[in-house]
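Sequential numbering of the sequence shown, starting at 123, is according to our numbering.
Hints should not be assumed to be uniformly reliable.
List time: in silico DSS-like cross-link candidates among lysine-lysine, alpha-carbon distance up to 30 Å [stated by the list, open to error]:
| id | residue 1 | residue 2 |
| --- | --- | --- |
| 1 | Lys264 | Lys294 |
| 2 | Lys294 | Lys253 |
| 3 | Lys194 | Lys167 |
| 4 | Lys167 | Lys253 |
| 5 | Lys215 | Lys253 |
| 6 | Lys182 | Lys215 |
| 7 | Lys215 | Lys194 |
Derived from the structure by calculation, the hints contain no laboratory data.
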Amino acid sequence: MKALTALLWAVVTFSPAAFAAPPNEVRKVERDGSHDFDFLIGNWKAHVRRLPDRLVGSTKWDVYDGISNHHKLLDSNANFEQFEVDGPAGHLKAQTLRLYNPESRQWSIFLIDVNAGTLQLPPVVGQFNGKRGEFYDQELWKGRAVLVRYVWLDISPREARMEQSFSDDGGKTWEVNWICELTR
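With these hints in hand, go ahead and build the complete structure from the sequences.
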């Protein structure tokens with residue numbers, strides 16, 4: 123577990139040393155993940171549950187429904203999402219840019235706030251293993267550093283799911299605070 127925690131911290135701090143092969147180990151051939159998000163391309167109905175009070179043991183979820191539309195950019199290894207949902211707690215809209223790096227064989231996911239004119243940095247970074255993708259970042263939440271994890275699940279051609287979780291103990295425990303279920 124210590125090795126996993128060290129790797130997570132290295133990933134979110136982008137330390138190249140974390141990815142160096144030990145001296146006498148042979149690297150296995152890494153797969154091309156450039157099409158990992160192809161399952162998302164198109165239009166979806168979105169059902170969201172959002173935990174507004176995070177890392178305090180809250181069990182009160184806000185619920186939203188709306189759309190999530192995903193498009194490839196210029197027939198490349200990049201895609202763009204437009205997301206808009208409504209619920210009793212209000213209206214949420216977001217844009218997401220996903221870029222695949224063929225050298226690292228990882229995806230970077232950037233959140234875009236068009237109202238504020240900002241691109242969230244650093245991105246969450248990671249890859250898929252089969253139909254499950256995990257992506258990590260470190261950011262501040264109410265003044266404290268937390269690890270952020272996105273989990274993307276390619277469930278079927280008609281179902282997908284994304285979960286966001288926070289950890290304030292270096293990845294030992296995770297609290298899911300955002301669940302987006304997509305259906306066609």
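For each hint, the structure was consulted:
1. Restraint check for Lys264 and Lys294: satisfied, since their Cα atoms lie roughly 20 Å apart, inside the 30 Å limit.
2. Straight-line distance between C-alpha atoms of Lys294 and Lys253 comes to about 24 Å, which keeps the hinted pair within the 30 Å bound.
3. This hinted pair checks out: Lys194 and Lys167 have alpha carbons roughly 18 Å apart, not beyond 30 Å.
4. Between Lys167 and Lys253 the alpha-carbon distance is near 20 Å, which keeps this suggested pair within the 30 Å criterion.
5. This hinted pair checks out: Lys215 and Lys253 have alpha carbons roughly 26 Å apart, not beyond 30 Å.
6. A distance of roughly 21 Å separates the Cα atoms of Lys182 and Lys215; the hinted pair therefore holds under the 30 Å criterion.
7. Distance hint between Lys215 and Lys194 is fulfilled; the C-alpha atoms sit about 19 Å from each other, no more than 30 Å.
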